[in-house]
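Full structure from sequences and hints, please.
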Amino acid sequence: MIDINERFSEKKNFFNRLIFVYIFFACLFLYLIYKTFSLQVSSFTDYEIASLKNKTREVLIQPRRGIIYDRNGEIIVNNVPSYNLIINPSAIYDLNSTLSDIKKIIDLSDLEIKNAQDNFSLKKKLNRELILKTNLTNEEIAKFEVRKYRYPNLFIAERYSRENMYPYLFSHSVGYVGSINEEGLQDILSSQDLKPRETIFKYSNGYLKGKTGLENIYDKQLRGFFGKRIYEVDANGRFLEEKETIDSIDGKDIYTSLDLKAQQVAYNELNNRRGAVVAVNLENGAILSYVSSPSFSVNDITNGLSQNEFNKLLNDNDKPFFDRAGQGRYSPASTIKPAIGLFGLEKDLIDWQYTIDDIGFFVLPEDGRIYRGWRKDGHGIINLQDAIIESSNTFFFSLAYQTEVSELIEYLSNFGFGKNICLDCFYPDKGLLPSPTWKMNTHNFGWFKGDTVNLGVGQGYLSATPLQLAYYSSFLANKGSLNNFSFVQNNKDVIRNNFITNNINDVDWKKIHESMIGVIEDPKGTAGRLKNLKEYIIAAKSGTVELVSTETKEDYKIIREIEGNRDHAIIIAFGPMPNPKYAVSVVIENGESGGSVAGPVAIAVLNSLIKE
Amino acid sequence: MKKIIDSLKSGIYFDHYLFISITILSLMGLVFLYSASDGNATTVIKQSFFVIFGLILMFIVSQPDPDFYKNNSLIFLIFSIILILLTLFVGKEVNGATRWLDLGFFTLQPSEIIKIALPVFLAAYLYDKTLPISLLNTFITLALIIVVANFVRIQPDLGTSLVILIAGLYVLFLAGLSWRFIGVSFGIFILSLPFIWNNFLEPFQRQRILTLLDPTADPFGSGWNITQSKIAIGSGGIQGKGYQMGSQAHLDFLPETETDFIFSVIAEEFGFIGVCILLSIFFFILLRCLYLALNARDRFCRLTVGGLSLLFLSTIFINLAMVIGIIPVVGMPLPFISKGGSSLLSFYLAFGIIISMATHKKLMQK
Chain A
1 MIDINERFSE KKNFFNRLIF VYIFFACLFL YLIYKTFSLQ VSSFTDYEIA
51 SLKNKTREVL IQPRRGIIYD RNGEIIVNNV PSYNLIINPS AIYDLNSTLS
101 DIKKIIDLSD LEIKNAQDNF SLKKKLNREL ILKTNLTNEE IAKFEVRKYR
151 YPNLFIAERY SRENMYPYLF SHSVGYVGSI NEEGLQDILS SQDLKPRETI
201 FKYSNGYLKG KTGLENIYDK QLRGFFGKRI YEVDANGRFL EEKETIDSID
251 GKDIYTSLDL KAQQVAYNEL NNRRGAVVAV NLENGAILSY VSSPSFSVND
301 ITNGLSQNEF NKLLNDNDKP FFDRAGQGRY SPASTIKPAI GLFGLEKDLI
351 DWQYTIDDIG FFVLPEDGRI YRGWRKDGHG IINLQDAIIE SSNTFFFSLA
401 YQTEVSELIE YLSNFGFGKN ICLDCFYPDK GLLPSPTWKM NTHNFGWFKG
451 DTVNLGVGQG YLSATPLQLA YYSSFLANKG SLNNFSFVQN NKDVIRNNFI
501 TNNINDVDWK KIHESMIGVI EDPKGTAGRL KNLKEYIIAA KSGTVELVST
551 ETKEDYKIIR EIEGNRDHAI IIAFGPMPNP KYAVSVVIEN GESGGSVAGP
601 VAIAVLNSLI KE
Chain B
1001 MKKIIDSLKS GIYFDHYLFI SITILSLMGL VFLYSASDGN ATTVIKQSFF
1051 VIFGLILMFI VSQPDPDFYK NNSLIFLIFS IILILLTLFV GKEVNGATRW
1101 LDLGFFTLQP SEIIKIALPV FLAAYLYDKT LPISLLNTFI TLALIIVVAN
1151 FVRIQPDLGT SLVILIAGLY VLFLAGLSWR FIGVSFGIFI LSLPFIWNNF
1201 LEPFQRQRIL TLLDPTADPF GSGWNITQSK IAIGSGGIQG KGYQMGSQAH
1251 LDFLPETETD FIFSVIAEEF GFIGVCILLS IFFFILLRCL YLALNARDRF
1301 CRLTVGGLSL LFLSTIFINL AMVIGIIPVV GMPLPFISKG GSSLLSFYLA
1351 FGIIISMATH KKLMQK
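Protein chains in written order, with the working numbering: chain A, 1 to 612; chain B, 1001 to 1366.
What the hints contain is simulated information worked out from the structure, not anything from laboratory work. Where is the CB? At the ideal position from N, CA and C, for every residue including glycine. Careful: at least some of the hints might be erroneous.
Here are the simulated BS3-like cross-link-like pairs (lysine-lysine), alpha carbons at most 25 Å apart as the crow flies [stated by the list, open to error]: (1) A:Lys11 - B:Lys1046; (2) B:Lys1129 - A:Lys11; (3) A:Lys12 - B:Lys1129; (4) A:Lys124 - A:Lys220; (5) A:Lys12 - B:Lys1046.
A few chain B positions that, by computed beta-carbon distances, are all more than 10 Å from chain A [as the list claims (entries may be wrong)]: (6) Ile1012; (7) Phe1019; (8) Ser1037; (9) Thr1042; (10) Leu1057; (11) Phe1059; (12) Leu1083; (13) Asn1198; (14) Pro1203; (15) Arg1206; (16) Ser1314.
Put into structure tokens, the structure is as follows:
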């Protein structure tokens, strides 16, 4: 009996314990099912995305960059195709035998072979193509094409290089492209909602970005939009199948206002002298010519220059990288005189009949200081028109002396001095339009009457870039009404500036133009030597920028021994008169004579434009 | 009951429920394996041979009277311990672990045999002892369990040694280990955890536990397996991606798809519905085992059926919990589904013994 009881309790105990463990595990399994449910049902979307991300890989497709044209449709910057020899490593078992096969028809350098050997296994693993040789010659391409059937895993594909057709002509206007750092790439891609990743390049030198000039200013339009190719990949990142392709959108071409011929003329006329030429279309403010000299080859910069060669350019005393046209500061010198004359007329300080007796110098009444003209004995009794033609300093000294400096400064700013007058120039300098406040702040000196007198002949603190001088020239030509400058034809964004005046009428403008024509045509004109160079009537005003102040011609002869001390040559000009279409400014550093050195360059550019 | 009598009459010992459900499970396993092995026919044919051989083995093993197992359990245990020791000396090394004996036509994993032999021996040993078990017997059996489990641990095979340890403990527990003893041991175990962590775990095993706690800490290193397994299961959704359509499994994101992580493949391709169907078959087998254990003819049979079915239950749980990411990654196959001859055969062997215990009734119960 005891035995039966004992067995009964033992059995009951066993039941309880077994069921206890089963219930324990039932709870665990319930938790497990709950976990599975939450993975598969509640968080399904998250995991579905994770799984999709796992197995797809997006590869970016580089867009083709826009082409840059001149105003007549001549290509300035183009994408020049080059041909690369490419293999498909996944289908190749023995690289070295393949390479020696290839070497029978196309020569491979040691570097190219080493590069192929180094990258082969990785590219094979990932199922990517491997570039063996870039820039194949026509002969190599032809040799390969006829034997193509023997190399099933070898092909030739096209890659572009960005090339300027006139590498020295447009260095400072169109600028150049360069490769891009990680950060810059991130910026570009994030603007298109993309992340940096593997890319199929259309350019041999990878990602491109406009570094300077129009390539930089219009980078966004030129760049285009990256496309995408979506692949299925395995856990090792190996491409298995192409799923979808979203084509890249090529960049927009840009039709600039630059004129190839005028550009060539300007560049050749400057002939590597330090200087700049800017020419514009008066009708719309479009820049036709923009040259800074000496120049450099943009293609060399884009497609790689040795550090040595680069340093040579960088340390060149003539500073070829420096954009003299947009960033060089020069005193306007005598070219300012028409503007000072206009101010005198505006303020009724003078009229066209007003004369002074030019005895060769002006004495500042305050301190007896002497301000000399360029002709020792002066120009005698002289009115405004002759003062412009003969470039009388004394006339404008005494006129400036009568002006209120703040009014004069405000007036000059209408002519583009001290401000940016270009819509799409690459970091244009504003020059310097001085004022008493400016002088106090920078030099800690008050404004002297003598400073105002100097302003009257464009010397002293006032400085402007050749671009601003071209604007000033255009302003005079167009009688005060003109567009801001732009490099693009019919740019809709340009602002038209209208000169507001109470006192200057059409007769005044006409006389100003006549005076400036006289600079060349009149026997007494300072640029009379240009008379025979031109084929049309041209208005001009020359200037000579004194870098070192000298009392006498003998003194100047001494200082001019050093080239850097010689005067700068400046001229502004427009034509054909009487209805001018083009305006130009020319600066030649240390050129000494505005009329006879800068003048011929201006005339040549205008001739070229007018003839067209 | 009528059926058992019928089979008694015909002299064949057979349990329809278990036989049919295990056969269905095995066939499903072959289907899953074909996808998990990326359509590798050789793997599936090899596995098919094991399934056929296993089913025959199960049938043969279920024929002898339980007393045969009771009387020979010591011989089985000694035999399997010898195999384990042999493995340590002449075993085949794969991935730094020496777990296999190369028999030429088949590589045997002796730890899979000892995981059956140990609970059977313990049940036989405790068969005629007075209950509740004396302290002396408790220590003798515990020592045996720990020694055997340790033989497997040093191979190293933490997963199987853990299963052997718990299979032995189940038998002790079912035999009536006192709650006080359990409580005290548990306390000691908890206190000695830092010691076990420092002295008994290999660095990679420690890393796996750390990975479990935060798989995102190193998603491309040791957290890779768990992360990819979760993505596979989660992306299966309710209906699954379809047979052989699992991208996680077929594009190599998922590791060990044929063995440890085959459940993730099933969950990815057949979704939550497939998971539920698979689990219901497992549950059916487990409930049948519970029924058989509760109705077993004597203490030996009760302890054996109880111990082996809990062994089966734990193996399933550990595998699923591992691939879902709630316990660390330990090598543990999914019974009847995962590739691997030894583990497959060990469960046919276990169920053969269970059927033998359940179908042999003595005319006069003791």
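Determine which of the earlier numbered hints do not hold for this structure and return their numbers in increasing order.
-> 1, 4, 5, 16
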